[in-house]
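Okay, here's what each chain looks like letter by letter:
Number of protein chains: 2
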Amino acid sequence: MTEAYVTLATTDGYGVGALVLGHSLLSHGTTRQLCILVTPGVSEQVRSALSQVYHNVVLVDVMDSGDSAHLALLERPELGITFTKLHCWTLTQYTKCVFLDADTLALQNTDELFTQPELSAACDVGWPDCFNSGMFVFVPSQETYEQLLDFAKTKGSFDGGDQGLLNSFFPNWHRLSFVYNMVATACYTYLPAFKEFGRNVKLVHFLGSTKPWHGESAAQPGSAYGSFVGAWWTIYRELVRPSMPQSEAKFDPTDAPPQQQEQ
Amino acid sequence: MTEAYVTLATTDGYGVGALVLGHSLLSHGTTRQLCILVTPGVSEQVRSALSQVYHNVVLVDVMDSGDSAHLALLERPELGITFTKLHCWTLTQYTKCVFLDADTLALQNTDELFTQPELSAACDVGWPDCFNSGMFVFVPSQETYEQLLDFAKTKGSFDGGDQGLLNSFFPNWHRLSFVYNMVATACYTYLPAFKEFGRNVKLVHFLGSTKPWHGESAAQPGSAYGSFVGAWWTIYRELVRPSMPQSEAKFDPTDAPPQQQEQ
Ligand SMILES: O=c1ccn([C@@H]2O[C@H](COP(=O)(O)OP(=O)(O)O)[C@@H](O)[C@H]2O)c(=O)[nH]1
Ligand SMILES: O=c1ccn([C@@H]2O[C@H](COP(=O)(O)OP(=O)(O)O)[C@@H](O)[C@H]2O)c(=O)[nH]1
Ligand SMILES: [Mn+2]
Ligand SMILES: [Mn+2]
Numbered sequence: 001m002t003e004a005y006v007t008l009a010t011t012d013g014y015g016v017g018a019l020v021l022g023h024s025l026l027s028h029g030t031t032r033q034l035c036i037l038v039t040p041g042v043s044e045q046v047r048s049a050l051s052q053v054y055h056n057v058v059l060v061d062v063m064d065s066g067d068s069a070h071l072a073l074l075e076r077p078e079l080g081i082t083f084t085k086l087h088c089w090t091l092t093q094y095t096k097c098v099f100l101d102a103d104t105l106a107l108q109n110t111d112e113l114f115t116q117p118e119l120s121a122a123c124d125v126g127w128p129d130c131f132n133s134g135m136f137v138f139v140p141s142q143e144t145y146e147q148l149l150d151f152a153k154t155k156g157s158f159d160g161g162d163q164g165l166l167n168s169f170f171p172n173w174h175r176l177s178f179v180y181n182m183v184a185t186a187c188y189t190y191l192p193a194f195k196e197f198g199r200n201v202k203l204v205h206f207l208g209s210t211k212p213w214h215g216e217s218a219a220q221p222g223s224a225y226g227s228f229v230g231a232w233w234t235i236y237r238e239l240v241r242p243s244m245p246q247s248e249a250k251f252d253p254t255d256a257p258p259q260q261q262e263q
Numbered sequence: 264m265t266e267a268y269v270t271l272a273t274t275d276g277y278g279v280g281a282l283v284l285g286h287s288l289l290s291h292g293t294t295r296q297l298c299i300l301v302t303p304g305v306s307e308q309v310r311s312a313l314s315q316v317y318h319n320v321v322l323v324d325v326m327d328s329g330d331s332a333h334l335a336l337l338e339r340p341e342l343g344i345t346f347t348k349l350h351c352w353t354l355t356q357y358t359k360c361v362f363l364d365a366d367t368l369a370l371q372n373t374d375e376l377f378t379q380p381e382l383s384a385a386c387d388v389g390w391p392d393c394f395n396s397g398m399f400v401f402v403p404s405q406e407t408y409e410q411l412l413d414f415a416k417t418k419g420s421f422d423g424g425d426q427g428l429l430n431s432f433f434p435n436w437h438r439l440s441f442v443y444n445m446v447a448t449a450c451y452t453y454l455p456a457f458k459e460f461g462r463n464v465k466l467v468h469f470l471g472s473t474k475p476w477h478g479e480s481a482a483q484p485g486s487a488y489g490s491f492v493g494a495w496w497t498i499y500r501e502l503v504r505p506s507m508p509q510s511e512a513k514f515d516p517t518d519a520p521p522q523q524q525e526q
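Top line first, the protein sequences correspond to chains A and B. By this note's numbering, the letter at position 56 of the first sequence is numbered 56, and the numbering carries on one by one without gaps. Converting from the second sequence to this note's numbering requires adding 263 to each position, the first position being numbered 1.
Since the hints were made in silico from the structure, they are not lab data. Even glycine gets a Cβ: it sits at the ideal position worked out from N, Cα and C. Watch out, some of these pointers could steer you wrong.
Once the Cα atoms are required to be at most 35 Å apart in a straight line, the calculated DSBU-like pairs of lysine-lysine come out as [stated by the list, open to error]:
hint, chain 1, residue 1, chain 2, residue 2
1, B, K458, A, K155
2, A, K195, B, K465
3, A, K195, B, K458
4, A, K202, B, K416
5, B, K465, B, K359
6, B, K465, A, K153
Label-pair distances were calculated between CB atoms; the ranges are [said to hold, decoys possible]:
hint, chain 1, residue 1, chain 2, residue 2, range
7, B, K458, A, V58, 50 to 56 Å
8, B, T294, A, T2, 53 to 59 Å
9, B, S440, A, T2, 36 to 42 Å
10, B, L289, A, E112, 45 to 51 Å
11, A, Q142, B, D374, 45 to 51 Å
12, A, T2, B, Q410, 45 to 51 Å
13, A, S65, B, R438, 37 to 43 Å
14, B, K418, A, S177, 18 to 24 Å
15, A, G208, B, K418, 31 to 37 Å
16, A, D61, B, K418, 55 to 61 Å
17, B, D330, A, G230, 47 to 53 Å
18, B, L454, A, P77, 19 to 25 Å
19, A, P77, B, S472, 39 to 45 Å
Partial pick of chain B residues on the chain A-facing surface, computed with a CB cut under 7 Å [unchecked claim]:
hint, residue
20, V388
21, G389
22, W390
23, P391
24, D392
25, D422
26, S440
27, F441
28, T452
29, Y453
30, P455
31, E459
Chain A on its own, in the form it takes in the complex (with noise of 0.2 Å):
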């Protein structure tokens, strides 16, 4: 009955993500374990730092393995990342886990997650019949996992990722309240909402293209979005730079897109 939070990352900026991230998880006292699968495109540094928060790094490399996932990308190379998202199926040491993007941030515990069935997830703030694929709680097994990549394979992604095919292949998702999953641009786009509701938000998503770990210069105090980057570059400063051995310097802030450069 181990219940475990999974997160993934390509690259050290999202690797740095997932440091915060899950130091972000321990500081409000989750009593599950913490896994994040890898691929050879985050540093030897990084995934150190990560092995001393997480119990788990999982080193996955679709490129390279001659499993079903590999031939499935060949056939559908535009879900690269996709693909690598999938292999969250296959942790089957784990009885049930929340997926967390590395771009999420916890806010409070959200141990109560744990509790929910797969497929159970937030709504999407574009298209609210979709659910964001930031945050969601399933199952892992072997035979969901190859139904998945069969689904990729022969019906691809009416979105080029993991959220388009995750909800053609869970088009009966259990809804769970926003605040587990808030956008941070929400507080603009309803900002009253965001004044009545934001108290309970549980965590926060730094959805789009612009992500905390490019850069403090988002995180004024005067705005909500600000202080949700604040409080993000404070677990950063305080708990993950500390951490590293030559400091920022080494992380690509520029976040490249995933590279083959180490095995």
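Got chain A sorted already, so can you dock chain B with the ligands onto it with the hints?
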């Protein structure tokens, strides 16, 4: 067992919106009644055109009445139009209603909405734990009406409008698909989902400060958004404008706030 679509207009701009909406509902063969609440801010001319399309044009004048809505308004002047909207619960000649904002447009028949319970609605894209109050299924009831007024007076509305009020009053609302209240801008914010699910959309909502009656310029055929504005203008040009004695010269496209210029 009479059921009705209900909308609201306090200005000629919204009145013209309601005319297009009414035609769109009829063109898709609704078997339900059409009802509109109008205030004295709507000109005689537009009211007369409305009575050609709507089975029931109900004049509501919160400002002038001595009833409890008027008293509530004195305590919460910021909720002006909201108190007018709440009047839809007094339409007890109907057993069930679907409220539609005057800035919505039916693209398909939506009569199956009448099988849904009070209060059914679709997610708001800003904060999807809330429903968007541009479309909702309700059951007219004098008792609910009084409770709503009391709630408005004592608690107010967290967003200063009917959406905040109704969400607080109906926390256990029943979620309907986004296809029954698709915010027109959703075609931009998550285009792949729009491409996947857009053909199912039954009602489009021109939420925000720019309304179709402000001008045809947004009606560019290239974009999905433009084609919705174009569909609105087709109905306007073919069915609404000809029905008005002196064409659109008489309705104010700047859509000034409601005034008490006539009684
Ligand atoms: O180059 C990438 C892109 C994505 N991801 C992982 O996939 C998730 C989803 O991508 P992202 O958060 O950038 O997408 P968004 O939430 O902005 O749509 C990330 O949080 C990471 O866990 C990654 O490791 N490397
Ligand atoms: O000055 C106004 C503002 C609003 N309304 C009515 O209230 C609804 C909600 O307002 P609106 O659609 O402008 O708000 P949005 O959907 O853009 O938030 C309108 O569709 C109309 O039915 C009105 O009659 N007069
Ligand atoms: Mn993300
Ligand atoms: Mn509206």
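> Tell me, which hint numbers fail for this structure?
Replying inline: When the structure is compared with the hints, only number 7 turns out to be violated.
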